[in-house]
Amino acid sequence: MNQTYQVRIYVTLRPSVLDPAGTAVQSGLKHMGYDNVEQVRIGKYVEVTLTATNETTAREQIDRMCDQLLANPVIENYRFELTQLQLNPG
Amino acid sequence: MNVGIIVFPGSNCDRDVAMVTRDLLHLPTRMVWHEESDLSELDLVILPGGFSYGDYLRCGAIARFSAAMQAAVQHAERGGLVLGICNGFQVLTEVGLLPGALMRNRDLHFVCDRVPLRVERTDLPYTQQYQHGQVITLPIAHGEGCYYADTQTLAELEANRQVLFRYCTADGQLTAVGNPNGSLSNIAGICNRQGNVLGMMPHPERAADPMLGSTDGVPLFAGIVSAALSAAAHR
Numbered sequence: 014m015n016q017t018y019q020v021r022i023y024v025t026l027r028p029s030v031l032d033p034a035g036t037a038v039q040s041g042l043k044h045m046g047y048d049n050v051e052q053v054r055i056g057k058y059v060e061v062t063l064t065a066t067n068e069t070t071a072r073e074q075i076d077r078m079c080d081q082l083l084a085n086p087v088i089e090n091y092r093f094e095l096t097q098l099q100l101n102p103g
Numbered sequence: 111m112n113v114g115i116i117v118f119p120g121s122n123c124d125r126d127v128a129m130v131t132r133d134l135l136h137l138p139t140r141m142v143w144h145e146e147s148d149l150s151e152l153d154l155v156i157l158p159g160g161f162s163y164g165d166y167l168r169c170g171a172i173a174r175f176s177a178a179m180q181a182a183v184q185h186a187e188r189g190g191l192v193l194g195i196c197n198g199f200q201v202l203t204e205v206g207l208l209p210g211a212l213m214r215n216r217d218l219h220f221v222c223d224r225v226p227l228r229v230e231r232t233d234l235p236y237t238q239q240y241q242h243g244q245v246i247t248l249p250i251a252h253g254e255g256c257y258y259a260d261t262q263t264l265a266e267l268e269a270n271r272q273v274l275f276r277y278c279t280a281d282g283q284l285t286a287v288g289n290p291n292g293s294l295s296n297i298a299g300i301c302n303r304q305g306n307v308l309g310m311m312p313h314p315e316r317a318a319d320p321m322l323g324s325t326d327g328v329p330l331f332a333g334i335v336s337a338a339l340s341a342a343a344h345r
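For the record, the sequence lines run as chains A and B. Add 13 to a position in the first sequence, counting from 1, and you land on the number used in our numbering. Add 110 to a position in the second sequence, counting from 1, and you land on the number used in our numbering.
Worth flagging that the hints you see were computed from the coordinates, not collected in a lab. It is possible that some hints are incorrect.
[Said to hold, decoys possible] Here are a few chain B residues that sit away from chain A, every Cβ distance over 12 Å (derived from the structure): (1) MET129; (2) LEU134; (3) ASP148; (4) GLY164; (5) ARG168; (6) GLN184; (7) ASN215; (8) HIS242; (9) GLN244; (10) TYR258; (11) THR263; (12) ALA341; (13) ALA342.
[Unchecked claim] Heads up, simulated EDC-like pairs for lysine to aspartate or glutamate below, C-alpha to C-alpha not over 20 Å straight-line: (14) A:LYS57 <-> B:ASP165; (15) A:LYS57 <-> B:GLU254; (16) A:LYS57 <-> A:ASP76; (17) A:LYS57 <-> A:GLU89; (18) A:LYS43 <-> B:ASP217; (19) A:LYS57 <-> A:GLU94; (20) A:LYS57 <-> A:ASP80.
Just so you know, even glycine gets a beta-carbon here, dropped at the ideal spot from N, CA and C.
Given only the sequences and the hints, what does the whole structure look like? Please build it.
Spelled out as structure tokens, the structure:
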């Protein structure tokens, strides 16, 4: 039977890639008085809800989605957390 | 030679390109809707500037999955000419026809300007009507034009002479001052290893009609035409 999963995907810039937007936000924080901020890196957060026969299949699918579209492997890394949604008893 | 211009939802330089190929150069030119998949009669496929599919997620990320782009990849693999301008360059990197990626400009601003470029290689159809090292001026208009590639890819680009245009100062110096967006190695335009696919952030089509004040983009299109004519003569 198909299970429903909620997936929280975090796409982040590779460490070697400069993040000018992150640097700008960091300087904004500094202007607000947060002198202790050492680095800001801005990424993307994507929520996907999908059905799959099991968790392994779901994870494989999400990996492919990330590699092909949700992240650009040239400049970005990704990681995700997956939780199984309980069937609605009603 | 037959020209096709792919029109994605959100493309906005498609008719500017057609103005050059159809009206100035009198080439048979067809607008190709992104859902079309037969490009077999085309010699030159152009991916125009704009904001394909709203540039959602990343610039050019969604356009790569369109039927027309899949056909354009096959066209390129057959050795056909593919020219991506601005958003078209971003699409070419996303689809993997060109290496690297285009990221937010160094200073975070959308840059709309006319900038000097140095022509780095002149033995390809696209650049054969320029002089080696010639400094030309073309318009740019982009927020995500900062070229990035890892060190190894950059080295390969240089070793294979794939960089065709670099941002420079008015006297041709490759300095940070002459670099409007922070592109690595001042890269403004690159080709694939075979030389039939070119992606560039500057807009040659906006510097083609003398009425608009500059014609530095004309040799690029004229070079493609003359290469096609000489290829036809040798067949």
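Do the hints match the structure? See the list:
Every beta carbon of chain A lies more than 12 Å from that of MET129 (chain B), the smallest distance being close to 32 Å; the non-interface claim holds. The claim that LEU134 (chain B) lies off the interface holds: its Cβ sits roughly 36 Å from the closest Cβ of chain A, which is beyond the 12 Å cut-off. Every CB of chain A is more than 12 Å from the CB of ASP148 (chain B) (nearest about 24 Å), matching its label as outside the interface. Every CB of chain A lies more than 12 Å from the CB of GLY164 (chain B), the least distance being 15 Å, so the non-interface label holds.
Once the 12 Å rule is applied to beta carbons, ARG168 (chain B) is inconsistent with being away from chain A; the minimum gap is 6 Å. No beta-carbon of chain A is positioned within 12 Å of the beta-carbon of GLN184 (chain B); the least distance is around 18 Å. Not every CB of chain A lies more than 12 Å from the CB of ASN215 (chain B), the least distance being 7 Å, so the non-interface label is violated. Non-interface call for HIS242 (chain B) relative to chain A: holds, since the shortest CB-CB distance, roughly 30 Å, exceeds 12 Å.
The claim that GLN244 (chain B) lies off the interface holds: its Cβ sits roughly 31 Å from the closest Cβ of chain A, which is beyond the 12 Å cut-off. Its closest Cβ contact with chain A, about 6 Å, brings TYR258 (chain B) to no more than 12 Å, contrary to its assignment away from the interface. Listed as a non-interface residue, THR263 (chain B) fails to keep its Cβ farther than 12 Å from every Cβ of chain A; the least gap is roughly 8 Å. With 12 Å as the threshold on Cβ separation, the claim that ALA341 (chain B) sits away from chain A holds: the shortest Cβ distance comes to roughly 33 Å.
Chain A leaves ALA342 (chain B) outside its interface by the beta-carbon criterion, the shortest separation being 37 Å against a cut-off of 12 Å. In summary, the hint linking LYS57 (chain A) to ASP165 (chain B) is supported, as the alpha carbons are separated by about 15 Å, within the 20 Å threshold. Taking the CA atoms of LYS57 (chain A) and GLU254 (chain B), the gap is near 16 Å; set against the 20 Å cutoff, the hint holds. In summary, the hint linking LYS57 (chain A) to ASP76 (chain A) is supported, as the alpha carbons are separated by about 16 Å, within the 20 Å threshold.
Taken as a hint, the LYS57 (chain A) and GLU89 (chain A) pair is honoured in the structure, with Cα atoms around 10 Å apart against an allowance of 20 Å. For a cut-off of 20 Å, the pair hint linking LYS43 (chain A) to ASP217 (chain B) stands: about 18 Å separates their Cα positions. A distance of roughly 14 Å separates the Cα atoms of LYS57 (chain A) and GLU94 (chain A); the hinted pair therefore holds under the 20 Å criterion. A hinted pair counts as satisfied when its Cα atoms are at most 20 Å apart, and LYS57 (chain A) with ASP80 (chain A) qualifies at roughly 15 Å.
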